[in-house]
Amino acid sequence: MSTAPVKKTNQLGFEILDYRGSKTTLCAGCGHNAITERLIEAAWTMGVEPWRVAKVSGIGCSSKTPAYFLGQSHGFNALHGRAPAVATGAMLANQTLRCVVVSGDGDTASIGMGQFIHMLRRNPPMTYIIENNGVYGLTKGQFSATADIGSTLKNGTPNHLAPIDCCQLALELGATFVARSFSGDKRQLSAILKACMGHNGLAVVDVISPCTTFNDHSGSTKSYSYMKDHEEPIHDIDFVPHYEDIAVEYEEGAAREVTLHDGSRLVLRKLERDYDPSDRLHALQALYAAASAREVLTGILYVEPARENLMESLKVSAEPLATLPEHLVRPGPEALEAVVEEFR
Amino acid sequence: MQATPTAPSPLDGFDSSAPRTPIVNDFSIQVATANGSGSQTSNNVLMRSIFQMGVPVSGKNLFPSNIAGLPTWFTIRASRHGYIGRKKEIDFLVAMNPESAREDVESLAPGAAVVFDEPLKLDQVRSDLHFYPVPFDKLVGPVCPEAKLRKLVRNMIYTGVMAHLLGIEIEEVRRALFKQFGERKRKAAEMNWGAVLAGQEFAAANLPKTDPYRVQRMEATHGRIIIDGNTASALGCVFAGVTVLTWYPITPSSSLAEALIHYLEKLRIDSETGRRTFAIVQAEDELAAIGMAIGAGWAGARAMTCTSGPGISLMSEFIGLGYYAEIPAVVIDVQRAGPSTGLPTRTMQCDTLPNAVLSHGDTMHPVYFPSSPEECFSMSHDAFDLAEGFQTPVFVNTDLDLGMNNWMSEPFAYPQTPIDRGKVLSPEDLERLGGFARYRDVDGDGVCYRTLPGTNHAAAGYFTRGTGHNDKAGYSEREDDFANNLDRLRRKFESIRAALPAPEIQPREGARIGMVYYGTSRYACEEARDQLSAENGVEIALFRAKAWPFDPVLHDFCASFERVYVVEQNRDAQLLSLMRMELSAESIAKLRKVNYYGGLPLDARTVSDAILAQEQEAAR
Ligand SMILES: Cc1ncc(C[n+]2csc(CCOP(=O)(O)OP(=O)(O)O)c2C)c(N)n1
Ligand code: SF4
Ligand SMILES: [Mg+2]
Chain A
1 MSTAPVKKTN QLGFEILDYR GSKTTLCAGC GHNAITERLI EAAWTMGVEP
51 WRVAKVSGIG CSSKTPAYFL GQSHGFNALH GRAPAVATGA MLANQTLRCV
101 VVSGDGDTAS IGMGQFIHML RRNPPMTYII ENNGVYGLTK GQFSATADIG
151 STLKNGTPNH LAPIDCCQLA LELGATFVAR SFSGDKRQLS AILKACMGHN
201 GLAVVDVISP CTTFNDHSGS TKSYSYMKDH EEPIHDIDFV PHYEDIAVEY
251 EEGAAREVTL HDGSRLVLRK LERDYDPSDR LHALQALYAA ASAREVLTGI
301 LYVEPARENL MESLKVSAEP LATLPEHLVR PGPEALEAVV EEFR
Chain B
1 MQATPTAPSP LDGFDSSAPR TPIVNDFSIQ VATANGSGSQ TSNNVLMRSI
51 FQMGVPVSGK NLFPSNIAGL PTWFTIRASR HGYIGRKKEI DFLVAMNPES
101 AREDVESLAP GAAVVFDEPL KLDQVRSDLH FYPVPFDKLV GPVCPEAKLR
151 KLVRNMIYTG VMAHLLGIEI EEVRRALFKQ FGERKRKAAE MNWGAVLAGQ
201 EFAAANLPKT DPYRVQRMEA THGRIIIDGN TASALGCVFA GVTVLTWYPI
251 TPSSSLAEAL IHYLEKLRID SETGRRTFAI VQAEDELAAI GMAIGAGWAG
301 ARAMTCTSGP GISLMSEFIG LGYYAEIPAV VIDVQRAGPS TGLPTRTMQC
351 DTLPNAVLSH GDTMHPVYFP SSPEECFSMS HDAFDLAEGF QTPVFVNTDL
401 DLGMNNWMSE PFAYPQTPID RGKVLSPEDL ERLGGFARYR DVDGDGVCYR
451 TLPGTNHAAA GYFTRGTGHN DKAGYSERED DFANNLDRLR RKFESIRAAL
501 PAPEIQPREG ARIGMVYYGT SRYACEEARD QLSAENGVEI ALFRAKAWPF
551 DPVLHDFCAS FERVYVVEQN RDAQLLSLMR MELSAESIAK LRKVNYYGGL
601 PLDARTVSDA ILAQEQEAAR
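Going down the list, the protein sequences come from chains A and B. Residue 118 in the numbering used here sits at position 118 of the first sequence, and the numbers go up by one each step. Residue 379 in the numbering used here sits at position 379 of the second sequence, and the numbers go up by one each step.
Hints may contain errors.
Partner residues aside, some chain A positions facing chain B, computed with beta carbon under 10 Å [as the list claims (entries may be wrong)]:
#	residue
1	G29
2	W51
3	K55
4	L79
5	G81
6	M91
7	P158
8	H160
9	E272
If you are wondering where the hints come from, they were derived from the structure by calculation, not from laboratory data. Note that the coordinates shown come from a computational prediction; the quantities given were computed from them, not determined experimentally. Note that the Cβ used here is the ideal one computed from N, Cα and C, for glycine as well.
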């Protein structure tokens, strides 16, 4: 159900090719490329209008990827760690945009930490993807702040500092959609990305995305093989898009359903344990427990479909501010007269 | 007579009661209080009532970076000649602050007048001044029954005393006071009015006038308003159709953002739907404030931020990105002195050079230099058209003196031209053209066409990066692509030059020297020109720069004189450095520096003394 239908065109009549961008310049096998592929599929499947999309990124290998998907859309490869501000600004200008932000773990968890945190507080309507490889790829393999204690650089140097878990932070700071996935988990990542597109606030997705060149060795906890052994999905995700009226069958108590803002539904099937994605505290506890068990929990950790987003709380006019006509943004001469009168 | 100074002084035979030729409408008042004591209203009422008497006036609040307790001075200058720069010499002191009173009195020139709080016994400090002791605590009790309000209301007593001593019509004080308090604070106004009367009556009964300073009605302020530069800038933005404001609080720019919020909420909310035609975000820092403005500008908003020096430093990287990625944004910089703590409440022109070339790489940004509230209004307004017209960040450099003090101003003229959104392609344009190249100089003016995200056309999208792009916005690290782009950006800067306001040039018969200045240095420079002419027979032609890059006429101006004094409120001759980037070697050799950097608004005497000294040197 959640896999992409194998039709040639989507509901807008576009082929998947129309959702591609320029050719990737990243290393072969880089996890970021797989995320790009999933984004292309998700946007195509969901019938996202390419012209409506604004892609924003910071700086890093990960932040280069917006050039490689949705080539018809506007994109902005901005400054290191500053994508949240640029993307928020773009949404202020035009809230009819669909904004996708791509960042890296260095970009988000170090230089951009301040902006990340404050973006979480504001809940702007956009998807924020952290392509998390535990290193700075583009500057050739230094540790990032998400590296686990004891994990090593390629040359064997171990990391002694406690890692920053962006999902934990997002939960603590009131994020309304928090997920973690793995670039190698095609099915789950696709479902999560489609769900993000149906969310009416900030959707944060931390995707473990191995760096084949600098962090895929045996001492790494962000390598393909480490993830194969340690990924622990919290549920199995079926995504039912809003335009499909399909009943998903499951046994009583075997799944939880969440209806997203756009009418799409998530059917979260129970695995070993029951996981309630509407319970923030539970989500945090699960992440803490997983960290000490050296497990990487993946899935939709938390979702709150109904919270007011930034644009709603600012009471901004529904039409894009960017293109409001002059008579709506420049008060008349009598208004200036009246103001000047206050100062006579 | 019971309140006149006690023992006659043997010091210099100064007789404060001897008759004097009156000095009419030409004096300065300094009110010394403690920060947070609520004297601002009294000072504004005093200033406004002189203004209502038709006398040109200016007011400057010299305040510390502190919420309460440290000394604060408010100077009011009345000048029938229309000089509204700061006057260095104090003619009339109102000494309310016990902490600074002695020092304040000691610094006066002989013959000055002093109204003071009686228990301070300041009349014992010197005998060559006119002293007017006033028992403020005794007077305030009857007019203000509520003990906790007395601290505030007692200040209004000196307004009444001064009105009497200077001969300000009491009806004008009343009008100014009720205006100051507004309709909603009627009760407070009544109580304060009682305090004015108490002061006036006390002075009439007990303080015979011995000083020469007087206010006499004239007609020089007719039709004018009194307003601070920050409010004027904010209004300029409102009428420019600003749609996105992202900011981070910092003195002295916060009141600009707050005024903008006030007027946007007043004028730009749909009364039926409650929907706003603007978005305001108080960001987490200046990095985010400018980042949001750049993001909003990219997506087509009329976006702005306002800040001061420390914020400018943080914005540097984004401004460079805005320059290279060619994104409009307006940055209003209300300048203050230096980094960190120290002089955040003092004025400077210290971001002139930094803003002109802010960020790394080869970068150049247009900077407006407003000198008055009218120009705060018009230049803040024009900055949006310039930013969108040329797709680049634009600075409006005001300063604390202009932004936070009250100034006389002509009423603002409603914008005469429709809003100019610049070269933005619509879906129809794209259909007709069959596509576009984001960084191709189609018109030869260095300014290329752009599309906004959300434009419904398959050819609308393009990818925005800093430097590494060819003219189709494709990724490129080729040397010719990079160099060609830099050359085009330079051409664009020349187009910008032609779009900026022309300088204000005041030629002078017989002048062999010229003076170049900008922003709030204007008032001191114009007065210094008159001083030097009247006192020393030195004639000077004036050139007030209104923006960088400079109008080409600067070359002719400098070529016409033997020496050109460049007057600035900074240490490092920042405007002069920009002039050196453009002028010929011969002209550069003529440039002379006059720099004041004490943090107070520039005064004429400082300028004329500095020029005179250098002229004498040159004559030797
Ligand atoms: C202000 C600034 N400082 C430093 C850099 C250099 N730099 C470029 S990318 C990068 C780290 C990127 O790491 P990450 O976000 O994890 O992305 P990855 O390459 O791993 O995908 C750094 C430090 C920069 N571009 N800008
Ligand atoms: S260096 Fe690492 S992160 Fe960068 S492209 Fe190569 S594999 Fe990917
Ligand atoms: Mg990384």
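Next item on the list: Under 10 Å, Cβ to Cβ, is where A/G81 needs to be relative to chain B, so tell me if that hint holds or is violated.
Entry: holds (9 Å)
Next item on the list: Hold the hint about A/G29 up to the distance rule: shortest CB distance to chain B must be less than 10 Å.
Entry: violated (22 Å)
Notebook entry, point to check: Given A/M91 was flagged as interface, is its beta-carbon under 10 Å from a beta-carbon of chain B?
Noted result: holds (8 Å)
Next item on the list: Report holds or violated for the interface hint on A/E272, using the least CB-CB distance to chain B and a cut-off of 10 Å.
Entry: This interface hint is violated because 40 Å lies over the 10 Å limit.
Check: Does A/K55 pass the interface check with chain B, least Cβ-Cβ distance below 10 Å?
Finding: Interface hint status for A/K55: holds (8 Å vs cutoff 10 Å).
Margin query: Less than 10 Å between beta-carbons is the criterion; does A/L79 satisfy it with respect to chain B?
Written below: Because about 6 Å separates A/L79 from the closest Cβ in chain B, which is inside the 10 Å limit, the hint holds.
Next item on the list: Under 10 Å, Cβ to Cβ, is where A/H160 needs to be relative to chain B, so tell me if that hint holds or is violated.
Entry: With a minimum Cβ separation of about 29 Å from chain B (threshold 10 Å), the hint on A/H160 is violated.
Next item on the list: Grab the minimum C-beta distance from A/W51 to chain B and call the hint holds if it beats 10 Å, violated otherwise.
Entry: With Cβ-Cβ at 5 Å, under 10 Å, it holds.
Next item on the list: Please verify that hint: A/P158, Cβ, nearest Cβ of chain B, below 10 Å or not.
Entry: Since chain B brings no Cβ nearer than about 32 Å to A/P158, farther than 10 Å, the hint is violated.
Hint compliance for this structure: hints 1, 7, 8 and 9 are not met, and every other hint is.
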